[in-house]
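With the sequences and hints as input, model every part of the structure.
Given next are the chains, with one letter for each unit.
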Amino acid sequence: MSGATPSTARRAVRAVGLVLLLALLLAVPALLDSAYWLDLAVMVLVWAALASAWNISAGYAGGLSLGHAAFFGVGAYTAVLLFNELGVSPWLGMLVGAVLAGLLGALLGVITFRLKGPFFVLATLAFGFVVHILAVNWRGLTRGAAGLTLPFDGGPQNMLFADLSTYWYVGLGLVALVLGVSLWIERSRLGYYLVALREDEDAARSLGVRVVGCKVIAAAISAALTAVAGTFYATFIQYIDPASTTQFELSVQIALVAIVGGMGTALGPLLGAVIVIPLGEVLRASLGGGPALAVYGLLLVVIVLTAPNGLIAGLRRVGRRVGVATGVVR
Amino acid sequence: MDLTLQILTSGLLLGGLYALLAVGLTLIFGVLRVVNFAHAEFMMLGMFGAYWLWALWGIDPYLSIFIVVPGVFLLGVLTDRLVIQRSIGAPEVTVVFATLGVSIFLQNAALTAWSADIRSVTTPYGSAVVELGSVRISVPMLVSFVVALAFATGLWLFLNRTMFGKAIQAVAQNRDAAALMGIDVGRVYLVTYSVAVAAAGAMGVLIAPLFSVYPRVGLSYIVTVFVIVVLGGLGSVVGAVIAALLVGVIESVVGFLLGTAWAELAYFLVFLAVLVVRPQGLLGRRGAEVYQ
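One line per chain: the protein sequences are A and B, in this order. Read left to right, the first sequence gives residues 1 to 330 (the working numbering). Read left to right, the second sequence gives residues 1001 to 1292 (the working numbering).
Calculated directly from the structure, the hints in this document are not laboratory data. Even glycine gets a Cβ: it sits at the ideal position worked out from N, Cα and C. One or more of the hints may lead you astray.
What the hints assert, rightly or not - If you want the footprint, here are the derived chain B segments under chain A, 3+ residues with CB under 8 Å:
hint, region
1, 1067–1078
2, 1141–1154
3, 1219–1227
4, 1261–1271
5, 1275–1281
As the list claims (entries may be wrong) - Quick list of simulated restraints, FRET-style, between CB atoms:
hint, chain 1, residue 1, chain 2, residue 2, range
6, A, 316, B, 1253, 52 to 58 Å
7, B, 1082, A, 313, 21 to 27 Å
8, B, 1146, A, 37, 56 to 62 Å
9, A, 85, B, 1078, 49 to 55 Å
10, B, 1078, A, 288, 23 to 29 Å
11, B, 1131, A, 288, 45 to 51 Å
12, A, 7, B, 1077, 52 to 58 Å
13, B, 1077, A, 314, 28 to 34 Å
14, B, 1131, A, 279, 33 to 39 Å
15, B, 1253, A, 34, 51 to 57 Å
16, A, 24, B, 1258, 52 to 58 Å
So this is what it looks like as structure tokens:
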């Protein structure tokens, strides 16, 4: 250890860790040989992408949204409707949905940028309900509560795959996309502006940060990425209805996953999905839906009261301690 | 003409029900600066309390209210001590999501304990009506309407005519200054929160003869009540009552003309418009929307 400086040793540990993690992720379909677990793993990816996308506007820009299911629904319904009605490939439908959701997110950002705290939360909640009510009642378009199925024909060019493992790899790509955007924002001028205005809006404004513009951009990016996850979900499950794509509970769970993992960090929401989604599934399988959700509620209360920065902050502390103990970090 | 009068009356009575929830919610916000997402869950627990006392021992809701409301009050004390007080002064995410977590927990604890079955209390007066000219008024609706207005009036008098009420108002205006003047802020929070959720529990008991109870029943009310509370101006008791009556009338008129789904859509859009154009609400104090 005497030859290497701590920083190069640290970099080496990090590089080895990354390679191992990547290898592990690529090997998941081989490691999880049951369809049940692989299915759950793909859902973890969907939630990781959703929580990360939510984190872009909520974690970095400080706009705690309880209406993100609306964008998820827009992504899911746009792609399915375009495919069913016009035969447009969901790959293209995904882009259309993302643009639509991005515009909606920007619009919501424009009308809510002045609102603070609970007022912002309630406005996003109302927006989510508007979209949900439309999805349920605009039966001519959405077929209401009956939902829409995505007929399985076409294959990869239509984002429909015969085996689960392909969904896993596409899902990995989705998470990589959202994570990439998050990391880019974190390191970009926009990211610094967002954090500045989250911490003190007046101070940021007085230093020349264009508050409205930054908030609207963050809202649009977040909404568009949420919609992309919505399209992926729709092609994975091949059936959508308002209960599974636009309902309020979905918005709550998106926020919950990100908060438990750690808002305002790129990796926190991913950690949240890895912990919360399997935990929920195990609880549901062993105890039933009611107790599983009751535990979600308790988990949310305990986390926000005792560790509002999420589990990632605790994990970092532990990691640092291990690093110090092994001499990798001073 | 008769029909119009009937629809308006039903709307006002419905508004009275909403008022009992809205007054408490707005008070909690005004004083604690906490949006109590769990508010309607206390109403749900009140309904279940009334249901079980009736189903197991045949106790009439108008009697069991004297057992259930103190019970819900104690639950409020517990929630305040365990969750609400700990979230005061914490980051915004804690303030918003702590009560949301309580709501999810209570809903699903009820689901676990009592399943998703839809249950109802049957009373001899459940469908009784009095006729006032040509207008028919449901007796249990009228009772809950009267109780709601009496509660709101009593609360208003309490806030304005007693020392403790004035202490509550002082805390609402400025927590730190109130504490410096020797007001026990923790006690003010405790009383405010527990009384407000007890009112929600009372509403639950009062509507038990009218509506069925199931664990997620709160969700259909809480969102309407948020609309009311924002319309009336968060923190304004009088505003909440007026907005509740207004929303009740809108819901019954638009519901009659276009169907309930579109009535809901209409008031969400009105709600968004109010938030954007006049976030202090129609009757709220200017500046109340400036959050902390």
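Is it true that residue 85 of chain A and residue 1078 of chain B lie within 49 to 55 Å of each other by Cβ? For residue 1078 of chain B against residue 85 of chain A, whose Cβ atoms are near 53 Å apart, the range 49 to 55 Å holds.
For the region 1261–1271 of chain B, do at least 3 residues have a Cβ located nearer than 8 Å to some Cβ of chain A? holds (count 7)
Status of the given 56 to 62 Å range, CB of residue 37 of chain A versus CB of residue 1146 of chain B: Holds, since residue 1146 of chain B and residue 37 of chain A (Cβ atoms, about 58 Å apart) stay within the stated range.
Does the region 1141–1154 of chain B contain three or more residues whose Cβ lies closer than 8 Å to a Cβ of chain A? Violated - the region 1141–1154 of chain B has 0 residues with a Cβ nearer than 8 Å to chain A, which falls short of three.
C-beta pair residue 1082 of chain B, residue 313 of chain A: status relative to the range 21 to 27 Å that was hinted: 23 Å, holds
Taking the Cβ atom of residue 7 of chain A and the Cβ atom of residue 1077 of chain B, is their distance within the range 52 to 58 Å? 54 Å, holds
Is 23 to 29 Å a correct range for the gap between the Cβ atoms of residue 1078 of chain B and residue 288 of chain A? Between residue 1078 of chain B and residue 288 of chain A, where Cβ atoms are some 25 Å apart, the hint holds.
Should the hint that residue 1253 of chain B and residue 34 of chain A are 51 to 57 Å apart at their CB atoms be regarded as holding? Holds - the Cβ-Cβ distance for residue 1253 of chain B and residue 34 of chain A, about 56 Å, lies within 51 to 57 Å.
Can you tell me whether the CB distance of residue 24 of chain A to residue 1258 of chain B sits inside 52 to 58 Å? 55 Å, holds
Quick one: see if chain A covers the region 1275–1281 of chain B, three-plus residues with Cβ-Cβ under 8 Å. The restraint on the region 1275–1281 of chain B holds, since 3 of its residues have a Cβ under 8 Å from chain A and three suffice.
Is the coverage entry for the region 1067–1078 of chain B by chain A consistent with the three-residue Cβ rule at 8 Å? violated (count 0)
Does the hinted range 45 to 51 Å hold for residue 1131 of chain B and residue 288 of chain A at CB? For residue 1131 of chain B and residue 288 of chain A the Cβ distance comes to about 48 Å; the hint holds.
Hints 1, 2, 14 from the list above are not met by this structure, while the remaining hints are.
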